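There are 2 protein chains.
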Amino acid sequence: MSLLFKNLRIHQVFGANTDVGKTLLTSALVRASATNGNSVFYLKPVSTGPMEDADDEYVKRFAGPHKSNIVTDCLFRFGEPVSPELAARLALNEGKQVTIPTDSSFVTTVATHIRKRATQSPQYSHMYVETAGGVHSPTLSGTTQLDSYRPLFLPTVLIGDSKLGGISATISSYESLILRGYIVDAILLFRDEYYRNWEYLEKYFAERGVHVSSLNPPPPKDSDYEKNLRITEDYYQHLVPSSKEGTIFDVITHLDKCHTRRLEELDSMPRRTLDTIWWPFVQHGHVKEQDITVIDSASSDVFTVYNRGLSSSNTSLLEPQFDGSASWWTQALGHAHPSLTIAAARAAGRYGHVIFPQATHLPALKLAERLVKDGPGKGWASRAFFSDDGSTAMEVAIKMALRAFAVREDGGLAPEQEREKRRNLGILGLKGSYHGDTIGAMDACEEGVYTCEWHEGKGYWLDPPTVSVRNGKTIISLPPAIASETSDGVADIDSGSLGSTYDVSQRLNTPLATVYRKYLEQTLEKIQNGNGRTLGALVLEPIVMGAGGMIFVDPLFQRVLIDVVRGSSSGIGEWSGLPVVFDEVFVGLYRLGLQSTIPLLGVNPDISVNAKILTGGLVPMAITMASKSIFDAFFSDKKVDALLHGHSYTAYPIGCEIANETLEIIDKMSTSKEWSDAKSKWVSAPSSSADNSNAIWSFWDPSFVESVSKLDVVGEVMAMGTVFCVKLRDESAGYQSHSAERLLQSIKDTVGSDNPSPAPGGAPFGINFRTLGNIAYFMLSLNTSPEVIRSVEKRIWTTLTTQSK
Amino acid sequence: MSLLFKNLRIHQVFGANTDVGKTLLTSALVRASATNGNSVFYLKPVSTGPMEDADDEYVKRFAGPHKSNIVTDCLFRFGEPVSPELAARLALNEGKQVTIPTDSSFVTTVATHIRKRATQSPQYSHMYVETAGGVHSPTLSGTTQLDSYRPLFLPTVLIGDSKLGGISATISSYESLILRGYIVDAILLFRDEYYRNWEYLEKYFAERGVHVSSLNPPPPKDSDYEKNLRITEDYYQHLVPSSKEGTIFDVITHLDKCHTRRLEELDSMPRRTLDTIWWPFVQHGHVKEQDITVIDSASSDVFTVYNRGLSSSNTSLLEPQFDGSASWWTQALGHAHPSLTIAAARAAGRYGHVIFPQATHLPALKLAERLVKDGPGKGWASRAFFSDDGSTAMEVAIKMALRAFAVREDGGLAPEQEREKRRNLGILGLKGSYHGDTIGAMDACEEGVYTCEWHEGKGYWLDPPTVSVRNGKTIISLPPAIASETSDGVADIDSGSLGSTYDVSQRLNTPLATVYRKYLEQTLEKIQNGNGRTLGALVLEPIVMGAGGMIFVDPLFQRVLIDVVRGSSSGIGEWSGLPVVFDEVFVGLYRLGLQSTIPLLGVNPDISVNAKILTGGLVPMAITMASKSIFDAFFSDKKVDALLHGHSYTAYPIGCEIANETLEIIDKMSTSKEWSDAKSKWVSAPSSSADNSNAIWSFWDPSFVESVSKLDVVGEVMAMGTVFCVKLRDESAGYQSHSAERLLQSIKDTVGSDNPSPAPGGAPFGINFRTLGNIAYFMLSLNTSPEVIRSVEKRIWTTLTTQSK
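Taken in order, these protein sequences are the chains called G and D.
Take this note's numbering: the final residue in the first sequence is number 916, and no numbers are missing along the way.
Take this note's numbering: the final residue in the second sequence is number 916, and no numbers are missing along the way.
Just so you know, the hints here were simulated from the structure itself, not pulled from any lab data.
Check before you lean on any hint, since a few could be wrong.
You can't tell identical chains apart in this list, so a pair holds if it fits in one copy or across any two.
Each computed SDA-like pair below joins lysine to any residue, with the alpha-carbon atoms no more than 25 Å apart [unchecked claim]: (1) Lys532 to Arg644; (2) Lys637 to Ser595; (3) Lys338 to Thr364; (4) Lys368 to Glu313; (5) Lys368 to Glu480; (6) Lys314 to Ser216.
Note that this is a predicted model, so its numbers are computed, not measured.
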């Protein structure tokens with residue numbers, strides 16, 4: 112959560128190195144602000160070294176004639192003049208009573224202090240937060256400062272290095288700040304007339320739009336204490352004259368302007384957005400300025416949003432908001448994860464983008480190998496095809512499947528001869544499917560509200576049985592056509608537990624499986640004998656149909672469907688019946704707690720698609736994987752037989768490198784304590800499978816899930832992996848319904864029950880969420896902290912129970 | 112161009128700061144390599160300070176018992192102990208005869224030296240290239256070292272900083288290296304027992320997979336010169352013992368392994384790629400290992416590709432290859448442009464990705480404003496809609512256009528009532544159009560080789576007249592249906608010059624315009640009265656149809672077509688006749704020398720699409736812009752009337768920030784001397800327009816273009832902006848033809864006529880190019896240097912004339 116106050120302009124001061132004059136120039140800024148008549152707060156969060164040399168003491172010493180305007184603070188103090196992290200460790204080693212704060216408690220302490228000062232701030236005040244050492248010096252917990260202060264997202268003044276080597280130190284420090292997204296409002300450094308770094312840096316940064324000011328260096332230190340005090344005071348009187356003229360005052364004016372500009376910019380953004388942006392999936396007729404979420408920055412699972420409707424000018428205009436939709440299902444590691452930024456930079460720096468057809472580069476090759484050999488493609492996939500998003504990757508999947516089917520049907524590769532027949536191939540799928548927004552992907556689904564002028568549902572979609580938790584019980588709901596085939600004709604079956612429901616292999620021999628099989632055999636025969644399209648592919652979102660309304664399909668039904676489609680004629684490694692496509696764009700890569708849904712269903716697809724989490728929630732990219740028998744349908748000596756589909760940024764190195772980094776980080780996380788703690792809560796009745804590694808589980812607490820399912824306003828709930836969804840009781844359901852949005856509206860407000868909240872910085876947070884008609888869903892990252900999850904659960908609970916009254 | 116030799120392992124040594132022991136530890140590496148029995152080359156490209164203190168002298172002094180294995184070199188020497196850039200300036204100021212090399216000549220000098228040493232290298236040698244100061248210290252030209260050495264792409268050893276503040280300096284320097292894509296093989300630093308930076312850094316970098324070694328620091332310097340020599344020699348004997356044991360030898364082993372691993376990796380890449388990758392637009396049946404371009408890195412307009420078929424083991428395994436297709440038409444500023452990397456990092460660090468519907472953030476808002484108000488949308492567009500690539504953006508454009516048409520036709524918004532009618536809407540376009548690979552975008556084009564099973568050409572496509580240069584003359588070629596309408600029935604018209612041909616307003620009253628108008632009015636009437644689809648939109652690639660075969664359409668024809676479609680009923684600001692869509696994915700944003708093709712045609716579209724150059728050739732993103740009258744068709748109080756299309760990474764901040772940076776850089780370049788020089792060569796007969804700002808021009812030399820058009824093997828040529836294309840005389844033309852590829856095959860070889868070449872590093876370069884059947888095209892970036900362009904022209908000329916014999 113960032114801090115931004117109307118009447119308190121805050122800058123954090125970072126040094127390009129230690130001993131570059133950070134405290135000296137910060138003192139000058141403090142003194143100049145005070146001289147200008149502003150109240151000034153100086154904060155040194157962590158100080159190391161002897162008290163008499165402490166930076167806050169120094170600032171007070173040279174505060175000048177307006178010192179009454181100045182308040183100095185220090186939050187953590189250590190005697191040894193080394194890096195804070197080492198100082199804290201040394202103090203511990205010496206047996207001192209020291210509590211080393213965690214990153215989270217550290218940043219909460221700092222933020223709480225700043226908020227306290229802000230409430231005390233008169234008309235218009237300045238605050239300078241001076242960090243310790245260089246930009247990457249480790250703070251108390253051992254995290255480097257750039258990362259540990261990042262949640263506060265304070266605008267930055269960088270003190271440059273004026274000595275030999277200082278050009279490099281200054282530029283590198285700047286780049287490290289940029290890698291964390293910081294706003295660098297100014298660079299200040301001493302005007303050393305021998306090395307003249309300021310001369311170079313002014314030009315260098317002018318080209319990059321960054322303000323650089325150089326100031327006269329202090330005179331040499333005198334060994335006599337009193338004399339030194341006098342010399343230094345003289346220096347300050349010269350640097351910060353009471354005439355309010357000179358460079359330091361220009362800097363103050365510049366910083367004031369930066370603050371004002373930022374406020375104005377934030378304030379103007381809603382209006383300007385309504386004037387130029389055309390949003391996806393938004394009826395602009397519904398949106399007013401106050402409905403717009405202005406996102407100033409983001410970190411971990413939290414957006415920092417602008418709240419201009421605040422009553423008090425001493426309250427932070429920026430507030431944390433939990434990203435409850437995982438930014439449209441993309442987030443897995445939290446926003447602005449430094450490792451992903453570095454990965455993006457590494458690939459951008461090494462390659463930029465390079466053409467892909469008939470070429471290769473390491474990021475793409477490694478990603479393909481990882482996915483095909485160790486990822487969701489393990490054991491069945493032969494190749495990876497790159498495209499730009501889930502929708503394009505599904506179009507590729509459809510092209511692959513239909514061609515494979517057509518080639519086998521026609522007994523050859525002669526598309527020209529068979530146009531009409533090929534055009535008439537259809538998709539077998541489930542009602543509620545959604546495979547993306549491009550027209551071909553849409554045509555693989557039924558007509559619905561999403562569809563455009565050209566839409567033509569090319570296929571046949573079965574009404575599937577679903578799984579949900581209602582009033583604490585796990586229920587399989589059969590559609591009428593299937594319910595009528597059961598012995599008792601009952602539509603809702605209590606299936607015991609979620610664990611046993613998703614243990615598909617155990618259920619394969621149940622009477623329900625027989626009902627499914629018989630129903631599907633009959634239905635497919637009817638379809639094939641009808642006058643409609645020839646079915647050319649089975650296309651499924653395994654386990655959950657996301658955009659269609661978070662429909663959890665009975666996995667047994669999907670399994671039996673695949674078995675029936677494939678029949679018994681399967682040659683080894685060859686697709687049979689119809690090519691089977693798994694759209695894992697939403698459900699794949701641990702969104703549901705497992706790397707892939709394949710182990711849950713117990714069968715491999717012939718083609719599968721991954722996207723969203725693939726690139727760590729940072730950039731668009733998608734992969735379509737295919738088995739060898741699919742690939743072979745395109746393999747010949749004729750160019751026209753090739754898969755003639757490709758986007759210009761295919762397999763762009765930045766996307767691939769980020770994906771590789773993401774998958775590596777997730778691999779490490781998957782064995783973490785947080786994951787095993789969450790899993791252990793979901794351990795259910797003994798499973799039929801020897802090990803439990805494919806058992807379903809969730810980051811959401813099972814007792815929370817059960818409790819919510821029992822609320823009056825709630826029809827049913829489901830939770831799996833990072834996903835929790837609530838279907839509200841609502842007569843007018845469907846995509847056009849606004850009931851979930853209305854009911855949960857207040858959850859967006861930042862009036863958290865936890866104070867300090869577990870979000871970094873400790874401010875209470877609202878929850879940004881999206882609905883699908885009468886369905887509200889909440890989605891976590893794979894590393895959302897248990898504390899934050901509990902807090903989100905509490906908030907959901909409170910909101911729903913308040914509504915229930 | 113990078114340098115990589117089988118028998119010469121090279122590392123460049125960068126320092127995290129000045130005075131961190133860079134020379135001292137490099138000496139230790141040199142001595143250890145020599146002790147191991149390797150020949151060692153030490154290179155200090157630039158040395159500042161007195162000769163007796165020079166680093167190469169120091170290395171020699173402590174070379175140890177195997178000093179005969181060691182060769183030291185220094186290429187540029189300056190006496191003043193300041194940064195190289197300042198030292199050179201000071202020397203100039205003192206009136207010394209100094210030539211300060213440009214970036215290009217500097218890197219060529221260094222590369223030439225390294226290549227020379229490589230040819231002298233016996234069995235297996237090591238080379239250490241020691242840079243000066245910190246990573247970002249400016250080199251002679253003023254460019255910082257990281258950027259100036261980047262074309263050589265040498266693996267790096269970073270000497271960390273062991274002093275107070277050194278943790279920060281080391282991490283920041285590492286990050287600056289990563290931002291340029293460098294491979295950091297190891298970090299070495301002194302084992303300072305007080306600050307213990309090595310302890311922290313070992314852990315920090317272990318988590319990031321980077322090797323860190325710490326070595327004992329040297330003893331304090333003695334003021335007695337001779338004694339100091341002895342002490343230092345003792346230190347080296349301790350650090351680099353003849354037993355070949357200890358940390359420094361572990362480092363040598365590690366660096367050797369890194370070198371071997373890199374060679375093995377490059378060697379294995381073709382095989383592994385053939386095993387796991389499914390390329391777009393490639394018939395895998397045609398590709399063997401040796402046909403694969405292994406791209407190790409890229410910079411400016413040059414790929415560095417692996418050539419494993421080399422005869423000599425002392426020749427660089429990595430060779431430069433000019434990116435002659437601008438990586439599928441995406442490149443505009445060259446590969447790995449540092450400003451774009453920084454822009455990507457800045458947005459990644461500040462936001463990661465954040466959800467977009469009903470939200471806003473600065474990068475997206477600024478980009479939308481820039482495009483709508485000052486970019487290609489100026490004067491007509493009202494809003495920007497974001498998607499992921501040209502194809503998805505064209506699908507969005509089609510959805511917009513057809514809805515706008517349908518709403519007006521139906522007189523209301525009731526899609527459910529009008530399904531069949533709406534589904535039957537068609538596109539009016541030109542034969543040869545191509546709008547992307549998704550099925551909807553394909554359906555807006557005629558059936559062709561690219562199309563898939565589901566393809567159904569939904570519309571009507573006119574055969575257009577084209578423009579080309581044949582045998583030095585500008586020719587407009589009319590298709591038979593139009594030629595028969597002219598007074599003389601001749602198909603090929605000499606139109607004087609390219610300049611006058613593209614001066615559309617002047618041509619509007621010519622007899623040819625009248626012929627076009629009459630032909631179009633009649634044809635459209637026939638189409639509308641036929642039994643086919645109702646036309647719902649006019650969709651054009653203005654000026655050039657790219658993927659269809661670089662077809663330069665007579666702009667007058669496109670202009671008259673738009674005028675005819677719109678008729679005279681145009682209300683102000685309202686679309687009339689049919690919504691007009693400009694697909695500027697390829698032709699837009701200066702690919703053809705102008706920001707947009709709109710001024711060339713002299714009419715605004717109702718919808719336009721930009722992509723490719725938009726994001727500086729780095730990441731995928733696309734924008735569909737629309738006028739207010741299009742937007743209004745979706746504006747209501749019903750959610751279902753909204754444009755229900757959107758990808759999860761819509762308007763992702765990284766893409767937007769890169770796009771903003773790109774457009775800003777191009778703005779600056781557009782007034783550069785290089786551009787005005789190129790333009791001045793193309794100044795043609797006085798234009799009808801008051802100013803010449805919309806006149807066509809090209810980076811390609813007009814006399815080169817003319818000369819090529821006169822070659823026997825050449826049918827016709829065209830050049831505009833960055834594009835040059837040659838249509839070869841070939842009976843079996845079309846997409847399946849391989850004639851251009853065959854004829855120009857040898858242009859890929861690295862046997863340039865220029866030596867040193869104007870590419871950074873000076874090595875001769877091959878040209879990577881793509882063909883469309885019998886058409887070869889070559890594409891530049893917007894900042895390709897004139898020297899490189901001339902060299903590419905020379906190479907094309909040589910290849911074509913050799914073939915002509």
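Evaluation of the provided hints:
1. Lys532 to Arg644: Answer is both; intra-copy 9 Å and inter-copy 21 Å each pass.
2. Lys637 to Ser595: within (17 Å within a copy, 56 Å between copies)
3. Lys338 to Thr364: neither (33 Å within a copy, 56 Å between copies)
4. Lys368 to Glu313: within (19 Å within a copy, 42 Å between copies)
5. Lys368 to Glu480: Between copies only: 23 Å across chains, 52 Å inside a chain, cut-off 25 Å.
6. Lys314 to Ser216: between (40 Å within a copy, 23 Å between copies)
When each numbered hint is compared with the structure, a violation occurs for hint 3 only.
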